[in-house]
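Use the sequences and the hints to build the structure in full.
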Amino acid sequence: DENECEQNNGGCSEFCVNLKNSYRCECGIGRTLGSDGKTCEEIEGCHNNNGGCSHTCIEVEDTYQCECPRGLVLSEDNHTCQVPVLCKSSSIEVNIPKDLVGGLDLSLINTSCKGVSNGTHVNIHFSLKSCGTVVDVINDKIIATNLVTGLPKQTPGSNGDIIVRTSKLLIPVTCEFPRRYTISEGYVPNLKNSPLEIMSRNQGIFPFTLEIFKDKDFDEPYRGALPTLKLRDSLYFGIEPLVHVNGLETLVESCFATPTSKIDEILKYYLIQDGCVSDDSVKQYTSKDHLAKHFQVPVFKFVGKDNKEVFLHCRILVCGALDESSRCAQGCRRRVRRSAETEEEEEEESDHVANHILTGGPIRINFDD
Numbered sequence: 050d051e052n053e054c055e056q057n058n059g060g061c062s063e064f065c066v067n068l069k070n071s072y073r074c075e076c077g078i079g080r081t082l083g084s085d086g087k088t089c090e091e092i093e094g095c096h097n098n099n100g101g102c103s104h105t106c107i108e109v110e111d112t113y114q115c116e117c118p119r120g121l122v123l124s125e126d127n128h129t130c131q132v133p134v135l136c137k138s139s140s141i142e143v144n145i146p147k148d149l150v151g152g153l154d155l156s157l158i159n160t161s162c163k164g165v166s167n168g169t170h171v172n173i174h175f176s177l178k179s180c181g182t183v184v185d186v187i188n189d190k191i192i193a194t195n196l197v198t199g200l201p202k203q204t205p206g207s208n209g210d211i212i213v214r215t216s217k218l219l220i221p222v223t224c225e226f227p228r229r230y231t232i233s234e235g236y237v238p239n240l241k242n243s244p245l246e247i248m249s250r251n252q253g254i255f256p257f258t259l260e261i262f263k264d265k266d267f268d269e270p271y272r273g274a275l276p277t278l279k280l281r282d283s284l285y286f287g288i289e290p291l292v293h294v295n296g297l298e299t300l301v302e303s304c305f306a307t308p309t310s311k312i313d314e315i316l317k318y319y320l321i322q323d324g325c326v327s328d329d330s331v332k333q334y335t336s337k338d339h340l341a342k343h344f345q346v347p348v349f350k351f352v353g354k355d356n357k358e359v360f361l362h363c364r365i366l367v368c369g370a371l372d373e374s375s376r377c378a379q380g381c382r383r384r385v386r387r388s389a390e391t392e393e394e395e396e397e398e399s400d401h402v403a404n405h406i407l408t409g410g411p412i413r414i415n416f417d418d
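Just add 49 to wherever you are in the sequence shown, counting from 1, and you've got the working numbering.
Hints are computed from structural coordinates only; laboratory data are not their basis. Don't take every hint at face value.
[Claimed, not checked] Within a straight-line C-alpha distance of at most 30 Å, the following computed DSSO-like cross-link-like pairs (lysine-lysine) qualify:
id, residue 1, residue 2
1, Lys350, Lys311
2, Lys265, Lys311
3, Lys332, Lys317
[Said to hold, decoys possible] Simulated restraints on C-beta separations:
id, residue 1, residue 2, range
4, Asp189, Glu91, 25 to 33 Å
5, Thr88, Ser124, 23 to 31 Å
6, Ser139, Leu371, 20 to 28 Å
7, Leu316, Glu55, 52 to 60 Å
8, Phe349, Ile158, 45 to 53 Å
9, Thr88, Asp126, 16 to 24 Å
10, Asp148, Glu93, 30 to 38 Å
11, Thr112, Ser374, 40 to 48 Å
12, Asn97, Leu371, 41 to 49 Å
13, Asp126, Lys279, 55 to 63 Å
14, Glu91, Cys381, 48 to 56 Å
A quick note: this is a predicted structure, and the numbers were derived from the prediction, not measured. Every residue gets a Cβ at the ideal spot worked out from N, C-alpha and C, and that includes glycine.
This is the structure we're talking about:
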């Protein structure tokens with residue numbers, strides 16, 4: 050059986066699907082095949098393939114729009130209706146309209162994780178570490194996936210479910226979290242110790258905190274009143290995850306200090322850069338948690354009599370622990386002459402995290418005897 054799609058994509062303008070002794074051209078969402086069966090054309094209205102809408106298509110003046118039944122939401126493609134998913138660092142919540150699942154028992158990959166009905170919806174709660182959830186690192190995202198499966202109930206339910214309209218229901222659930230985070234902090238945590246929360250396009254949150262510890266055991270962070278450190282003291286700080294997920298690891302790409310809370314402060318001093326310790330006085334400790342990173346550095350201040358405060362800013366990258374080619378696995382990678390393309394990528398990455406900064410502190414430095 051020859052694969053016609055291998056040569057010039059079968060002549061298809063978009064997708065070519067190989068079939069037995071034949072092939073078929075297909076188009077993306079919002080487009081349809083033209084009369085030649087190969088060229089894709091924009092769908093101009095509801096009369097043409099329902100406008101590409103998965104559910105309801107409504108004509109609006111000279112255009113059209115897709116709408117969803119009650120309980121479903123329109124996805125980013127503006128054509129497909131999907132079940133709403135709430136992605137949090139500690140839990141994932143799926144709320145499925147009961148109209149879709151009457152007569153079906155819902156469960157996740159781990160079938161012991163069941164849905165619970167509240168009368169109008171069937172709710173399923175699970176975490177990144179439970180119910181068979183799979184966590185992968187793909188490109189610039191951490192992606193958690195699971196699958197809601199609905200099978201016919203063995204006996205009629207007390208809520209009147211005595212018929213079914215489908216033999217099986219499959220609802221893929223996906224939560225996306227960005228891999229890069231920037232955390233800013235004074236020498237001590239914010240009094241409220243609020244976590245860094247990063248909102249992904251699917252409402253994903255993957256939080257870290259920058260903690261300042263009292264000693265090299267890294268067990269007791271400062272709480273309450275902000276301490277005053279002297280120049281001869283040691284500063285113990287660390288990156289702590291608020292969610293512990295197996296299969297991931299972190300790399301502290303950079304840590305730098307500034308005399309103010311502004312991350313774009315002109316005056317800055319790097320402790321870690323490109324994953325490398327750039328100040329020989331910085332010491333890294335082995336952490337019990339594979340996502341945590343712990344460091345020690347002698348207390349310092351910025352030159353100038355008015356500079357009595359120091360803020361730390363750390364940038365973190367999350368990778369798959371088994372990916373031997375990942376940036377985390379490479380560790381320290383000292384930079385050579387950068388290309389314009391590399392600088393452009395770095396600017397994009399900087400833009401990606403610039404609006405997700407937690408700032409706290411500061412601590413006053415006592416440099417008098």
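Hint-by-hint comparison with the structure:
Only pairs whose Cα atoms come within 30 Å are accepted, and Lys350 paired with Lys311 is accepted, the gap being roughly 16 Å. As the CA atoms of Lys265 and Lys311 are separated by approximately 28 Å, the hinted pair is consistent with the 30 Å bound. For a cut-off of 30 Å, the pair hint linking Lys332 to Lys317 stands: about 20 Å separates their Cα positions. Checking the proposed 25 to 33 Å range against Asp189 and Glu91 shows it holds: the Cβ atoms sit about 30 Å from each other.
At roughly 26 Å, the beta carbons of Thr88 and Ser124 sit within the given window of 23 to 31 Å. Taking the beta carbon of each, Ser139 and Leu371 are about 24 Å apart, inside 20 to 28 Å as hinted. In this structure, Leu316 and Glu55 meet the distance hint of 52 to 60 Å, their C-beta atoms being roughly 58 Å apart. One distance hint, 45 to 53 Å for the beta-carbon pair Phe349 and Ile158, holds here, with the actual separation near 51 Å.
Remark: the range hint 16 to 24 Å for Thr88 to Asp126 is upheld by a beta-carbon distance near 21 Å. Here the CB-CB span from Asp148 to Glu93 is close to 31 Å, well matched to the stated 30 to 38 Å. Evaluation of the 40 to 48 Å hint for Thr112 and Ser374 yields a pass: the beta carbon distance comes to about 46 Å. The beta-carbon spacing between Asn97 and Leu371, approximately 46 Å, falls within the hinted interval of 41 to 49 Å.
For the hinted restraint 55 to 63 Å between Asp126 and Lys279, the CB-CB distance of approximately 58 Å keeps it satisfied. As the Cβ distance of Glu91 to Cys381 is approximately 50 Å, the hint placing it in 48 to 56 Å holds.
The earlier numbered hints are all upheld by this structure, with none contradicted.
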